[in-house]
Amino acid sequence: MARDRSPIVKQSRREGYALHPKAHKIMVKRTTIPGEHGGGRQSKPSGYSLQLREKQKVRRLYGLLEKQFSNLMKEANRSSGQSGQVLLQLLERRLDNVVYRAGFATSRRGARQLTGHGHFLLNGKRVDIPSIRVNEGDEITVRTKSAGNEYFKQLAEVRAASIQGPLGWITSDAKKMTIKITGLPTREEAEPDINEQLIVEFYSR
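To convert, note that position 191 of the sequence shown is 193 in the working numbering; the numbers rise steadily by one, no gaps.
Just so you know, the hints here were simulated from the structure itself, not pulled from any lab data. Check the hints yourself; a few may be wrong.
What the hints assert, rightly or not - Taking lysine to aspartate or glutamate and the DMTMM-like style, the derived pairs with C-alpha atoms no more than 25 Å apart in a straight line are: (1) K178 with E152; (2) K127 with E138; (3) K69 with D195; (4) K155 with E141; (5) K76 with E159; (6) K182 with E193; (7) K69 with D130; (8) K182 with E141; (9) K182 with E203; (10) K127 with E141; (11) K178 with E141; (12) K182 with D130; (13) K46 with E159; (14) K127 with D140; (15) K69 with E152; (16) K177 with E141; (17) K177 with E152; (18) K76 with E190; (19) K177 with E203; (20) K155 with D130; (21) K178 with E190; (22) K69 with E159; (23) K177 with E190; (24) K127 with D175; (25) K182 with D140; (26) K76 with E203; (27) K46 with D195; (28) K178 with D140; (29) K155 with D140; (30) K147 with D175; (31) K177 with D195.
Please construct the entire structure, taking both the sequences and the accompanying hints into account.
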């Protein structure tokens, strides 16, 4: 399974945005971009540079490779509705993101690992593909075999440590270890501080 293995804190510093919970504290102390000349004077970014950085930020935030992200953008362009908002909805509906959003993992990287190891059932069937897209009415449950793992025994503590707030399209139960998809994500329920129009403009060049 291909993935970006570069340090998430280094990625966060490059994008000027905390892509992982552990990046917050480090970025308070190290606000410059990584590299030998990262602390030097930075010139005013061009329009292209702003578009590129926004695309990279969102791609890395959701843990996608370039080809995966580009394909999602193409799909969003073919869909009805505003392309940028459709893109964010497609990203939010990924299985690994849903596991993270439901508070079953404290980061998307952690959720990707859990889903990739096949700890979940989607509508009763075992799945191990983090990019599977959920639909309204779907139910995600922890496998009976996995429920005995120490991680899932402490799921209440994991949820308490999660920074996720309530979402209108997801309901979850830590005791029953279930996640239900009750609708589709709205723009307001996607990640904050994203300018999706810059991404649309990047791919429209």
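Legend entry - 25 Å Cα cutoff - pair K155, E141: Holds, at roughly 20 Å.
Inset, instruction - Could you grab the alpha-carbon distance between K182 and D140 and see if it respects the 25 Å cut-off? - result: Holds. K182 to D140 sits at ~6 Å (cutoff 25 Å).
Inset, instruction - For the pair we were handed, K127 and E138, check the Cα-Cα distance against 25 Å. - result: holds, 17 Å
Inset, instruction - Verify the proposed pairing of K69 with E159, using a straight-line Cα cut of 25 Å. - result: violated, 36 Å
Legend entry - Satisfaction of hint between E190 and K177, Cα-Cα up to 25 Å: violated, 28 Å
Inset, instruction - Assess, step by step, whether the Cα of K69 is no farther than 25 Å from the Cα of D195, and give holds or violated. - result: holds, 23 Å
Legend entry - Restraint status (C-alpha distance of K147 to D175 at most 25 Å): Roughly 18 Å between the alpha carbons, so the hint for K147 and D175 holds.
Inset, instruction - Take the C-alpha atoms of K182 and D130, compute the straight-line distance between them, and say whether it is at most 25 Å. - result: holds, 18 Å
Inset, instruction - Would you check the hint for K182 and E203, treating anything up to 25 Å between C-alpha atoms as holding? - result: violated, 34 Å
Inset, instruction - Mind checking the alpha carbons of K76 and E203 for me, to see if they're no more than 25 Å apart? - result: At roughly 13 Å apart (the allowed maximum being 25 Å), E203 and K76 satisfy the hint.
Inset, instruction - With a cut-off of 25 Å on the C-alpha distance, tell me whether K46 and D195 pass. - result: holds, 20 Å
Inset, instruction - Take the C-alpha atoms of K46 and E159, compute the straight-line distance between them, and say whether it is at most 25 Å. - result: Violated - the C-alpha atoms of E159 and K46 are around 44 Å apart, more than 25 Å.
Going through the hint list in order, the structure does not satisfy hints 5, 9, 13, 15, 19, 21, 22, 23 and 31.
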